[in-house]
Amino acid sequence: MNVTYNWLKEFVDFDETPDELAALLTMLGLEVESMEKLGAGMDDVVVALVEEKRQHPNADKLSLCRVNNGTEVLDVVCGAQNFKQGDTVVLAQTGAVLPGDFKIKRSKIRGEESCGMLCSEKELGLAEESAGIIVLPPAFAPLGTPIFAALGLKDTLFEIGLTPNRSDCLSVIGIARDIAAKLGLKVKYPQTALVEGPEAVGSVIGVTIENPDICPRYAARYISGCTIAPSPEWLVKRLNAIGIRSINNVVDVTNLVMMEVGQPLHAFDCDRLSEKRIVVRAAGDGELFTTLDNQPRVLTAGDLVICDAERPVALAGVMGGLNSEIEGTTTTILLESAFFKPAAIRKTAKRLGLHTESSHRFERGIDIDNVTRALDRAASLIVELAGGVMALGCLDVYPGKSERAAIPFRPEKANELIGINLERQLIIDILTRLECLVTECPDGSVTVIPPHYRIDIEREIDLIEEIARLNGYDKIPATMPVARVVSDRPTRHQEIEKQLRNLLVNNGMTEIINFSFTAPEAAGKLLLNDNDPRRLAIRLANPLVDEQSVMRTTLLPGLLETTAKNMSFRSLDLKLFEMRRVYLPGEGEDMPHEPLCIVGALSGSRDGDGWSRPNELVDFYDAKGIVETVLDFLDIGGVTWVNDNPEPYFHPGKSCRILAGRDCIGSVGELHPTVQKNFEIEKPVFCFELDFEKLVKYSRTKKTITAPSRFPDSTRDIALLIPDELAAAKIVDCIKAEKAKEIEHVQIFDVYRGKGVAEGYKSVAVRIRYRSFERTLADEEISSLHNKIVASLTDKLQITVR
Amino acid sequence: MREQLEQLRTGALQSIATAASVEQLQEIRINLLGRKGELTALMKGLGSLDASERPIVGQLVNTVRDVIESALGGAIKAAEEKAIAVRLQSERIDTSLPGRHPLKGTKHPISLVIEEICSIFAGLGFSVAEGPEIEHDWYNFEALNFPPEHPARDMQDTFFVENNLLLRTHTSPVQIRTMLKQKPPVRIIAPGTVYRCDSDATHSPMFHQIEGLMVDSGVTFGDLKGILTVFTNQLFGQKTGVRLRPSYFPFTEPSAEVDIACVICGGKGCRVCKNSGWLEILGAGMVDPEVYRHVQYDAEDISGFAFGMGIERIAMLKYGISDMRLLFENDVRFLRQF
Ligand SMILES: [Zn+2]
Chain A
1 MNVTYNWLKE
11 FVDFDETPDE
21 LAALLTMLGL
31 EVESMEKLGA
41 GMDDVVVALV
51 EEKRQHPNAD
61 KLSLCRVNNG
71 TEVLDVVCGA
81 QNFKQGDTVV
91 LAQTGAVLPG
101 DFKIKRSKIR
111 GEESCGMLCS
121 EKELGLAEES
131 AGIIVLPPAF
141 APLGTPIFAA
151 LGLKDTLFEI
161 GLTPNRSDCL
171 SVIGIARDIA
181 AKLGLKVKYP
191 QTALVEGPEA
201 VGSVIGVTIE
211 NPDICPRYAA
221 RYISGCTIAP
231 SPEWLVKRLN
241 AIGIRSINNV
251 VDVTNLVMME
261 VGQPLHAFDC
271 DRLSEKRIVV
281 RAAGDGELFT
291 TLDNQPRVLT
301 AGDLVICDAE
311 RPVALAGVMG
321 GLNSEIEGTT
331 TTILLESAFF
341 KPAAIRKTAK
351 RLGLHTESSH
361 RFERGIDIDN
371 VTRALDRAAS
381 LIVELAGGVM
391 ALGCLDVYPG
401 KSERAAIPFR
411 PEKANELIGI
421 NLERQLIIDI
431 LTRLECLVTE
441 CPDGSVTVIP
451 PHYRIDIERE
461 IDLIEEIARL
471 NGYDKIPATM
481 PVARVVSDRP
491 TRHQEIEKQL
501 RNLLVNNGMT
511 EIINFSFTAP
521 EAAGKLLLND
531 NDPRRLAIRL
541 ANPLVDEQSV
551 MRTTLLPGLL
561 ETTAKNMSFR
571 SLDLKLFEMR
581 RVYLPGEGED
591 MPHEPLCIVG
601 ALSGSRDGDG
611 WSRPNELVDF
621 YDAKGIVETV
631 LDFLDIGGVT
641 WVNDNPEPYF
651 HPGKSCRILA
661 GRDCIGSVGE
671 LHPTVQKNFE
681 IEKPVFCFEL
691 DFEKLVKYSR
701 TKKTITAPSR
711 FPDSTRDIAL
721 LIPDELAAAK
731 IVDCIKAEKA
741 KEIEHVQIFD
751 VYRGKGVAEG
761 YKSVAVRIRY
771 RSFERTLADE
781 EISSLHNKIV
791 ASLTDKLQIT
801 VR
Chain B
803 MREQLEQLRT
813 GALQSIATAA
823 SVEQLQEIRI
833 NLLGRKGELT
843 ALMKGLGSLD
853 ASERPIVGQL
863 VNTVRDVIES
873 ALGGAIKAAE
883 EKAIAVRLQS
893 ERIDTSLPGR
903 HPLKGTKHPI
913 SLVIEEICSI
923 FAGLGFSVAE
933 GPEIEHDWYN
943 FEALNFPPEH
953 PARDMQDTFF
963 VENNLLLRTH
973 TSPVQIRTML
983 KQKPPVRIIA
993 PGTVYRCDSD
1003 ATHSPMFHQI
1013 EGLMVDSGVT
1023 FGDLKGILTV
1033 FTNQLFGQKT
1043 GVRLRPSYFP
1053 FTEPSAEVDI
1063 ACVICGGKGC
1073 RVCKNSGWLE
1083 ILGAGMVDPE
1093 VYRHVQYDAE
1103 DISGFAFGMG
1113 IERIAMLKYG
1123 ISDMRLLFEN
1133 DVRFLRQF
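Going down the list, the sequences are from chains A and B.
Under the numbering used here, the first residue of the first sequence carries the number 1, and numbering increases by one thereafter.
Under the numbering used here, the first residue of the second sequence carries the number 803, and numbering increases by one thereafter.
Only pairs whose alpha carbons sit at most 25 Å apart, straight line, appear in this in silico PhoX-like list of lysine-lysine:
1) A:K697 to B:K983
2) B:K1070 to A:K475
3) A:K694 to B:K909
4) A:K154 to B:K1076
5) A:K53 to A:K105
6) A:K498 to B:K909
7) A:K498 to B:K1120
8) A:K741 to A:K702
9) A:K498 to B:K906
I should point out that these hints are in silico values taken from the structure, not numbers from a laboratory.
Use the sequences and the hints to build the structure in full.
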């Protein structure tokens, strides 16, 4: 809602400056989103007198002027022809800044000094086009008066962001009312002096409402013999100031009154209305109608139309029709002022995508009491500006006059909820200033009838809000609640989520956050099988773009896109993770599942480039290492790594699923070369994915801690030659299976293929650390135990010791 | 014997004095005092002496041994010190070369801000609640007093999913879920992801909010102001000015927008605060009785407040980020700065 300072001041006599008024409005909940001081920076554009005008010696089309600005006489070169010596003109002096950031400087034009510029309306931003410079009436204002002040154009435009509940403030009067209530002033409502002709309105026009449920009130006036013409200067300027284009005197009046009092009005060319009759009715399904923007519209049964005796002439509350609009030749006018139910107008406007100043107000609810007042005001203004005669009386069809219900109100409840302690009388005064009818009963109870225009006030709580608002939120003391302690510990899920995020970050991983929606093609790019459940994604009915049209079922596409994007920026050393939800459809009527998942991607250098060591690239075991760190942290035991049934997006030979017991809790592997290509990733990537819910399920809350042994250790190494296809982990498993309590630790410390090792074999070096909790082990003791283990290995795994 | 001892002493001291390294000195010690050393051999010869001479010579042997040991000890210490000095003199590295460090990991700024806000509210006695992102219309709108076809729904452009489901447009449905699950007192905050079909420099179709809810007997609007003042002071620094001004949300009444004094210009006015000196960071208000009706709370017995804030906005203010899109581009050159 746009409103100007001067316009508001016509209705309330406040002393506040524009800045103070902006602060006051904002603190009333009418947020001033922007403020534009009209004519700001134009104080150096002043009224001046041309004392002398002669031909420029070096240019035919220029003249040399001596211009008096009230304090001195300046030389000015001018190119305009439409003025003479002795004219009062507008001078932009050096230092002035005209619209378009045009700075006026002292200059030489064709060898002659010029200390300013004589301005046209266009140059001052007062008109779109202008023929020459402004020539003011003689003695228009004292010489040197800033022109914006002299023209009465010095004003401030406020752009107010209204919340949807404050439909009453969609007018200058509405905003003025709130200012008056806050400051304890009276609103000066516009006075309308009706001048009516002898002819009774009912004898000329007729109004029938077929759907009073949607149109409870319809009022009309009739004016004949008027002349359509451009609006006078003041009206054009007033509308321009708030961003409305002038059309003609009649349409401009309807717009002016709408902005002034909030009642949308419509003027019909009455001669174009069949039988000069108005019928308000529901549209037929599929009925066609052309709105005055020359767009054909197909209506549905829910729409309300204003018709004449034969056909629709307006789309009620939204837009008039081309067939009945005011034209240059119009002489008779039927002026409509009505109340339409918000929901119906909203539905029509929304369906047609037709949002107008009128529909905006009806959708939010207007003041049903104001219908005829606004009509009278507009009708008399039309007669004033366009001439003609207004028929006697107002045709007001208002079958069931609506009354507002009284609201029981407890002043002490207001104090209690807000946390203040206002006198009962002050509370009642505030409501009275808001034009509420407050009744105090002898038993001390209070009832309040709010004004019609405050459709947002229906309950006691709405009145309490008004007390808080008008008294001022800034006057409410900040207190700390005295309340029972209810804080719970974070849930296990929350705790583990936080811990894992810390753990991954501490392991060099950078957290990313991708959009939850993805492209439907993502599943295909991951090479998922046709029957893979991850292909069953939840679709958005109204996505912004196709690439964001389904809810992700896996975090991988986002991770891989991020990887590709970073590589394209030459960030090649990547350790990324995302820990977010995926969205899986529920069974039948069930809600979708939104389990938390973790994915990670590693690529490029392991530790970053450096001067002191070879630049080693990450591989499968770096990704697996991160997963092991997570599993170890959560104390998840009994995990096996199997590559029997690999994920389709991983390299089948370099990936595995992670099983806790027999339950798959995730997978790790090198990205499949085709998937890498599908996502346009330049370098090999190693990924892992973990099911967070299962991690929580298998994590052990209580770690078992043992005191370390105080006796010395002893290590023995074995080098084993094993077939390539035998998993090296089997050796460790086999050693551990011996369950010798003296074995403290078993570790594979080298794997070797190549020279000296037969084709199809690998050499695996294992180090066993022996230690007892009870005593120092003797060499012989260890040797015999070690030999036993070696024998068992060669026996059970059919392998040879090198 | 005496002469032998004297010779041994002189010879020993001489060779100690000329020894060049710790190793040579150790060798001398073994040769003289070791199990097969010269002095040890002499001592073994004591037994063949007269009983009367034995104590005297024995004493002499001890004296010589002490003299040699002390000379050796001194010489070894000196040699060690010299060796260290030589080593320190000769060893030099270029300390200007960069150190070795593993690749740094960082949390996403959204996570950082959520963690910080949750920990502030944990200190104020609020626990964390969660709810689904794909939500029923009833929880997202109706129970929060947004009737169907209400203009307030225009404030939130909604992504729809079939079966009356939608992507939640705010974290407020968690209020409803929490109140339906438990009786007062309630004191929760709910961080989460929310969605609106809107995308430009200042709007992202996905963003994050934190919702707060406190319901108990006798909770006032002043309490809301108190809690939010403590919160903003902790988040943005002590004595950050806080301003509540009237606003409208269907599920709170009275409602407020909460502004803080601009953290960029300190309230003097700048581009970020559009010259107002204030930054809007929160929406808040007293829970509307209509909401209590939907969760079967009796509005006459209890009262409470709710608030909600956008995480992206706070992250942008805290870290001086001007374009929201940076937060979701996941460029590691950006993310690694946190
Ligand atoms: Zn600022």
